[in-house]
Every structure is written in structure tokens, then in C-alpha cells.
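Those protein sequences? They're chains L and X, same order as listed. FYI, in numbering that gives the first Met the number 0 the residues of the first sequence are 0 to 218. FYI, in numbering that gives the first Met the number 0 the residues of the second sequence are 0 to 218.
It should be emphasised that the hints constitute simulated quantities derived from the structure, not laboratory data. Possibly wrong hints are sitting among the right ones.
Said to hold, decoys possible - Partial list, computed: chain L residues near chain X (C-beta under 8 Å): (1) V31; (2) S118; (3) D122; (4) E146; (5) F175; (6) C176; (7) T177; (8) V179; (9) N203; (10) A204; (11) D206; (12) A210; (13) F216.
Every value quoted in this text rests on a predicted model; they were computed, and no experiment measured them. Glycine is no exception: its CB is placed at the ideal position from the N, C-alpha and C atoms.
There are 2 protein chains.
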Amino acid sequence: MAPPIDRSQVEKIVREIVVQLLGGPKGKPELVVSISARHCHLSQEDVETLFGKGHQLTPMKPLYQDGFYAAEETVMLVGPRRRMLPSVRVLGPTRSRSQVELAFTDAISLGIDAPVRPSGKIDGTPGCVLVGPAGVVDLKQGVIRAERHVHMNVRDAEYYGVKDGERMSLRIESGFCTTVYEGLLVRADATSKLEVHLDTDEGNAADIDHAVRVELFKP
Amino acid sequence: MAPPIDRSQVEKIVREIVVQLLGGPKGKPELVVSISARHCHLSQEDVETLFGKGHQLTPMKPLYQDGFYAAEETVMLVGPRRRMLPSVRVLGPTRSRSQVELAFTDAISLGIDAPVRPSGKIDGTPGCVLVGPAGVVDLKQGVIRAERHVHMNVRDAEYYGVKDGERMSLRIESGFCTTVYEGLLVRADATSKLEVHLDTDEGNAADIDHAVRVELFKP
Numbered sequence: 000m001a002p003p004i005d006r007s008q009v010e011k012i013v014r015e016i017v018v019q020l021l022g023g024p025k026g027k028p029e030l031v032v033s034i035s036a037r038h039c040h041l042s043q044e045d046v047e048t049l050f051g052k053g054h055q056l057t058p059m060k061p062l063y064q065d066g067f068y069a070a071e072e073t074v075m076l077v078g079p080r081r082r083m084l085p086s087v088r089v090l091g092p093t094r095s096r097s098q099v100e101l102a103f104t105d106a107i108s109l110g111i112d113a114p115v116r117p118s119g120k121i122d123g124t125p126g127c128v129l130v131g132p133a134g135v136v137d138l139k140q141g142v143i144r145a146e147r148h149v150h151m152n153v154r155d156a157e158y159y160g161v162k163d164g165e166r167m168s169l170r171i172e173s174g175f176c177t178t179v180y181e182g183l184l185v186r187a188d189a190t191s192k193l194e195v196h197l198d199t200d201e202g203n204a205a206d207i208d209h210a211v212r213v214e215l216f217k218p
Numbered sequence: 000m001a002p003p004i005d006r007s008q009v010e011k012i013v014r015e016i017v018v019q020l021l022g023g024p025k026g027k028p029e030l031v032v033s034i035s036a037r038h039c040h041l042s043q044e045d046v047e048t049l050f051g052k053g054h055q056l057t058p059m060k061p062l063y064q065d066g067f068y069a070a071e072e073t074v075m076l077v078g079p080r081r082r083m084l085p086s087v088r089v090l091g092p093t094r095s096r097s098q099v100e101l102a103f104t105d106a107i108s109l110g111i112d113a114p115v116r117p118s119g120k121i122d123g124t125p126g127c128v129l130v131g132p133a134g135v136v137d138l139k140q141g142v143i144r145a146e147r148h149v150h151m152n153v154r155d156a157e158y159y160g161v162k163d164g165e166r167m168s169l170r171i172e173s174g175f176c177t178t179v180y181e182g183l184l185v186r187a188d189a190t191s192k193l194e195v196h197l198d199t200d201e202g203n204a205a206d207i208d209h210a211v212r213v214e215l216f217k218p
């Protein structure tokens, strides 16, 4: 029998894999690649339905971008045909509309045909049922696979010669699992830190845990 | 609630996604990209332990390579800490040694740190417990993530200018999930058909279901 590992625990929260560029030129921004495990964002109204009237999310672990956190709270997701994921992490702070972000492997296991969307663009997407300790939310839409993307501030964008809304590529060098992800959406603003967001399918396909080098580039 | 889909059923067997090259040059070999869901190969001895003395595997669906098939038989996999996958397809014919091929997402859910290996190279890999209707096999080694690879015959190898054991790249064009997989191991022999084998993490990361074009090339 194989020795148990802790990666299964890690899968339960959003995790950050910091793959630093070795020997990059001076002035090159430090690049962080984060793997988002399945998670959801909730409206305050849905927080109160799921966890009780007046309930506020409890920050458990800060995320790399300032002001965002993995919360103590988790919900159960139930798909059609009553297949379910028992414990999906809630990220804070709350948003105007609730949203569930799954890798395709997760979505297939739930029986949901999740479309690839940028965060927040959930019109016309499928829904699911959220179950919390105090109640149930029948989410009519909001289940997506988050489109791969890279956060950055305007100085980083200038360094790479890209603008908000453009597309970049990321090469992850990792033995015989080396992979190039094209089409990363650039989300540039005044304050974000340079960070690529991939999901667990993307992280696992590229064996990100054994990556020795990552390169972000304009195609 | 979202309408149910059948992809979850599809995940249970090895599936073949045929993405044909559009408008390729004359004489270019037809390329098939197959996504292998988690599966196992069994020795005849283990077949008999799991399914009963004298039992022979029952072919259910032929695979793309001649002589290989998905069998009617499935087994339960049990990992450390007793987490399990209830129904993993057996592929035939039998082999000299049993072997379990998982995507990293599957391996993580079982709690097994599966190494990336070419099929058959299982020395020193972790094991797991296989449970069948007639008995249990405590597999001491054999759990791997199969190294991405491409089968071909010697004429295809000549067309691409590669030799058995060399490495190629595959670009899957699929909207904003477009992905290049490097490091595909070339397995060339006299009779195989041209076919790339990826696992479900790789297929899902690249959204292979919506692929519009695939390109195999020597880097």
C-alpha cells in the first residue's frame, strides 16, 4: 500500500504554487502561478441563507491578491441526478452574485456541462444546488470553468507590452509534462499583483508540482 | 438545475476523440487523439483472483489499436486511508503484470502520489488494493500516470522525421483553452496506427471536446 499524501487535503482549498523564475533579467516582475481548486463566491444574501441570518464569512487564509481570502465556510454542491461534491471552499469577500468555479473534471463528475467563462460573466450558465448548515440555495446560474487568466498591474503590463483584455501564453517546464497554455486573458489594473490563475485540470496536466521553470510571454 | 449530461458516463471508459486535420497536405497521416480515462491492465492471475478461477476478460468495446479492447469487467480501487474509486475499467488483453493508470486528479483523490511513467515501467511505483466480485488483490506496485505518448507505424515516423523513443509536441486548438503538450514519447513499430494518448486531466485542460484543430509536430 502506498504511503498517504497530503495533496488531497491541499485540493480542498485554493492553493498557490510559487514557481519563481530563475535568473531572469533585472526588472522582470516576479511571476506567481496559482492553482485554484474548485470553489465558490457567494452573495451576502446566499451566505445568510446557507449559514444563518446575519452570518459573516470568516477569513481562514489570505489569498495572494490583497483583500481576498479562503473562508472557513464550505458548502455541498449537488448536481442533476443528485451527484454531489461534499465540501467546496467559499472564497471571500462576498460578491453581488454567487458563482461556482469548477475544473472540467469536477463538472463532469457532477454531471454539469460547465462553460468556459471569465469570472463574473455568468449569464446563461448552468446552475446547481448549494447546501449549507442553515439552508439551501437553488442557484439558477453561475457554474463555470474559469477562463485561464493572468492578473497584473499596469507596470507589469507595460513590461510585457500587453493591455487589459489581450491574451498571453504560459509555458510550464516540468519534465515530460511540459505544457504551453495559450489564450490567458490579461486582467490589468492599478493595484493587482502579477499572478496566473489556472484550475486543477490545468495544474495537473502540466504536473505543476514538479515545475522547474515558468515563462509568461506575449505570443 | 442544469440538465444532466452523459459525459460522466463517458468518463468511465476509455474514449477516443477523433479530431481530424482539416485540409492537411496529401499523404499526411490521419491523426487520432484519444483520451484515456482511468483504467487498469491485469495479469491473468489477478483476473482469476478478482473475478473467479478460470475467468476470462469479456471484450466490450474495441480500442483504436487492433487487438485491444475495453472489457466488461471493472474493479474498485482502494487507496491509503480507505478512500476509493468504485468502478475502474479493465482493458484487455491481459498482461504479464497488472498496472493502474490514473490522471493526477484521480490519484490525488485516492491519496496516491503516482509517478509519470511509460506504460509497463512500474518498478518502484506505489500500489493500491483492487477489489473484484470474487476477491481482492493487494497490488504492491503498478499505479502510474501514463506518460503522454503517440503510437505510430514506421511510415508515419518517416513522414514526421522521428524515431521510436524520440519526443514530439501536440497543439490542440480549442478557443481560449488552446494548449501545446510537449514531450510526447514516440512509440513507433511496424503495425500501430497513428494515435496520441492523453489522460483526462490533459484532455480537460485543453477542452478537447471543443477542439477544432490538432497538430502533431517535431519540436
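Hints versus structure:
1. V31: violated (19 Å)
2. S118: Cβ of S118 of chain L sits 13 Å from chain X, so the hint is violated.
3. D122: Violated. Min distance 14 Å.
4. E146: Since the shortest Cβ distance to chain X is 5 Å, the answer is holds.
5. F175: For F175 of chain L, the interface hint holds, since the closest Cβ of chain X sits about 4 Å away, which is under 8 Å.
6. C176: holds (6 Å)
7. T177: The hint holds - T177 of chain L has a Cβ within 8 Å of chain X, the shortest such distance being about 4 Å.
8. V179: It holds, given that the least Cβ distance between V179 of chain L and chain X is near 4 Å, below 8 Å.
9. N203: holds (4 Å)
10. A204: With Cβ-Cβ at 4 Å, under 8 Å, it holds.
11. D206: holds (7 Å)
12. A210: violated (13 Å)
13. F216: violated (13 Å)
Of the numbered hints given earlier, the model fails hints 1, 2, 3, 12, 13; all others are met.
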